[in-house]
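Whole structure, please, built from the sequences with the hints as guidance.
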Amino acid sequence: MRALADFTIEPGQGGGGNVLHFSGPMVVSSLGLVDRRLRQIADPVDEIDVSDVERMDTVGAWTVWRLSQQLGAKIVNCRDEAERLINAISKADENRESIRAPRLPLIERVPDEVGKMVIALAVGFLQIIGFLGQAISAIGMTLRHPRRFRGLALVHQMELVGVNALGIVGLMSFLVGVVIAQQGAVQLQQFGAEIYTINLVGRLTLRELGILMTAIMVAGRSGSAFAAQLGTMKLTEEVDAMRTIGVSPTEALVLPRILATMIMLPLLGIYSSVLGIIGGAFLGSVSLGIPFLTFLARIQEVVPIHDVWVGLVKGPVFGLIVALAGCYQGMQVKTNAEEVGTRTTSAVVLAIFTVIVLDAFFAVFFTKIGWG
Amino acid sequence: MHDPQAHLAPIPDEFEGDYPIRVRGLVNRFDDHVIHDGLDLDVKRGEIIGVVGGSGTGKSVLMRSIIGLQIPQEGSIEVLGRSITDARDDDDIDIRSQWGVLFQGGALFSTLTVAENVEVPLREFYPEITDELRHEIARYKVLLSGLPANATSKYPSELSGGMKKRAGLARALALDPELLFLDEPTAGLDPIGAAAFDTLIRSLQETLGLTVFLITHDLDTLYEICDRVAVLADKKVIAVGTIPELLALDHPWIQEYFNGPRGRAAKDAQDREAAHVVKPNPEAATSAMEQE
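Chains as they are written, first to last, in our numbering: chain A, 324 to 695; chain B, 9 to 300.
For the record, the hints were derived by calculation from the structure and aren't laboratory data. Please note that the accuracy of each hint is not assured.
Claimed, not checked - Okay, derived cross-link-like pairs now, BS3-like style, lysine-lysine, Cα gap no bigger than 25 Å in a straight line:
(1) A:K657 to B:K172
(2) B:K162 to B:K172
(3) A:K414 to B:K162
(4) A:K657 to B:K52
(5) A:K657 to A:K439
(6) A:K397 to A:K414
(7) B:K52 to B:K172
(8) B:K52 to B:K244
(9) B:K172 to A:K414
(10) B:K162 to A:K439
What the hints assert, rightly or not - Listed next, with one range per pair, are the computed distances between beta-carbon atoms:
(11) A:E377 to B:F117: 33 to 39 Å
(12) B:P269 to A:N400: 50 to 56 Å
(13) A:E377 to B:S118: 37 to 43 Å
All residues carry an ideal CB built from backbone N, CA and C; glycine is no exception.
Right under this line is the structure:
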């Protein structure tokens with residue numbers, strides 16, 4: 324149990340005004356409850372007596388000082404150290420306005436926020452195009468000065484984006500292949516056409532799912548990592564330090580990441596398709612009675628080669644989008660740790676959304692040009 | 009091999025108050041790298057003790073050990089009569105409301121404003137305090153730390169380095185602690201700002217009766233505000249005393265530290281000042297606090 328501060332109000336001796344009499348310790352741990360009552364005092368008080376106060380810290384001194392201002396009362400029977408504290412506090416009493424960051428009232432804040440979001444959307448769109456332009460001009464610069472190209476960084480990023488993702492992308496693709504084959508077989512059985520499961524698995528994985536799922540996985544794995552890495556480097560002023568040394572952050576940080584993702588995504592996509600087909604073949608041999616090797620051989624016959632091209636063409640484009648979103652959001656970080664988090668989230672969301680929209684566009688486009 | 013311990017007689021001490029910080033036989037190792045080996049240190053109530061030592065001698069590790077952030081391999085640490093080293097988990101250290109810590113970079117919470125930073129410990133330890141009082145406390149603490157009133161609503165990213173240190177000090181003082189730990193408070197400040205910060209620490213220490221554990225490289229700070237100085241070298245505290253007492257010791261590092269060009273300049277500045285002004289008497293603050 325901790326000791327609490329208390330007070331009484333009594334008429335003063337000799338016909339004076341009321342005297343507020345404090346007792347107990349007046350420290351930060353004892354004042355929380357009594358403060359509420361102090362603020363409600365309505366009686367006139369002429370003097371505040373602190374002679375019975377056992378201990379006083381700055382919170383006690385503040386309470387006494389604030390009360391004396393509020394009631395227009397005099398502080399009496401003050402010991403030396405208490406007086407020193409109250410003096411120090413009274414000097415620190417100015418500008419009683421809000422200590423919060425300024426905030427508009429709700430009715431103004433809503434349109435304000437909406438307007439800001441709309442503008443941010445438009446500005447963000449322009450900025451990301453500008454960012455792409457920077458990256459392209461950086462490619463131009465490295466073509467003119469090939470010695471400035473950061474081969475080591477590129478290989479390192481290729482390892483992080485591609486090689487390290489092999490396990491998870493492979494497992495995911497294998498399982499999706501199994502699921503497609505199984506679900507497809509259930510439906511096709513109704514026509515006695517289980518054999519078309521092979522067409523379904525082969526075309527779907529090579530043309531659509533392999534690359535799309537890989538892009539989503541890479542956006543989650545690497546796009547977020549880019550945003551967080553670059554964002555943290557911005558906060559710790561590493562990016563500024565680079566610039567002062569004469570190293571262009573776009574060349575040193577952004578370009579290797581974008582190129583690595585553009586190179587690795589088609590490769591991962593093909594790898595994913597292959598594992599998807601293996602998954603389908605595995606299910607075929609286990610539950611449909613199609614031998615494993617027959618399944619693979621049929622794939623060659625039923626999947627047109629342009630399906631492979633469709634997948635391969637989309638790869639670098641999706642890679643560019645994922646890396647661009649990650650690097651762009653990372654480089655936009657300015658203020659604090661929370662922003663790194665929100666920027667990372669929006670990098671992933673932006674990348675996945677754009678990839679899916681573009682995938683729909685590609686599907687229509689390739690069908691129109693006869694690669695249906 | 010030269011053994012500095014051989015000719016360093018302990019500095020006699022007639023202090024009879026209590027010791028809020030007692031460190032005995034502290035051993036800190038990182039893998040094979042021994043930082044402290046049997047380190048002893050006593051801090052007296054009401055003093056400002058400066059801790060000096062070359063880079064890598066474990067000044068910050070010592071501070072982190074005392075405040076329970078670093079678990080030492082051996083030794084015992086007592087703070088305000090509680091053992092830090094015997095605490096099994098974080099909750100056992102229930103004296104956190106009685107100390108304040110200023111980290112080197114300020115370590116302000118970047119998503120909160122300065123005033124909100126100061127309110128965090130208040131909210132945590134004393135939830136019964138009304139919002140109104142808590143805002144008022146936060147505001148006067150910020151002002152006491154020498155920041156202008158309009159700094160209260162600013163975010164740390166909007167502050168300069170010196171302002172961040174002051175805001176960090178305001179947060180360290182939020183609960184009116186008895187003990188204040190400062191890790192290089194004047195590093196990175198301009199000389200005028202550093203001198204003002206020294207004065208601020210001294211005046212707060214005198215007004216509030218604090219015990220201050222101060223890590224510093226700043227010789228001016230040592231001369232200006234430290235009652236005693238503890239020297240870390242050879243994995244131990246090799247000497248504790250006032251600067252004249254330390255100067256009388258025959259240890260090469262101490263001699264080089266205080267008699268190097270920077271040490272001399274700081275001493276000259278101190279002598280010049282002493283000739284003009286009578287320094288505030290640190291004993292006054294101590295005795296005033298003991299009366300409470």
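Checked hints:
1. A:K657 to B:K172: holds, 17 Å
2. B:K162 to B:K172: Status holds; Cα separation ~11 Å.
3. A:K414 to B:K162: Roughly 21 Å between the alpha carbons, so the hint for K414 of chain A and K162 of chain B holds.
4. A:K657 to B:K52: Violated - the C-alpha atoms of K52 of chain B and K657 of chain A are around 44 Å apart, more than 25 Å.
5. A:K657 to A:K439: Roughly 17 Å between the alpha carbons, so the hint for K657 of chain A and K439 of chain A holds.
6. A:K397 to A:K414: holds, 17 Å
7. B:K52 to B:K172: violated, 29 Å
8. B:K52 to B:K244: holds, 18 Å
9. B:K172 to A:K414: holds, 21 Å
10. B:K162 to A:K439: holds, 21 Å
11. A:E377 to B:F117: 33 to 39 Å: holds, 34 Å
12. B:P269 to A:N400: 50 to 56 Å: Cβ of P269 of chain B to Cβ of N400 of chain A: about 54 Å, so the range 50 to 56 Å holds.
13. A:E377 to B:S118: 37 to 43 Å: holds, 39 Å
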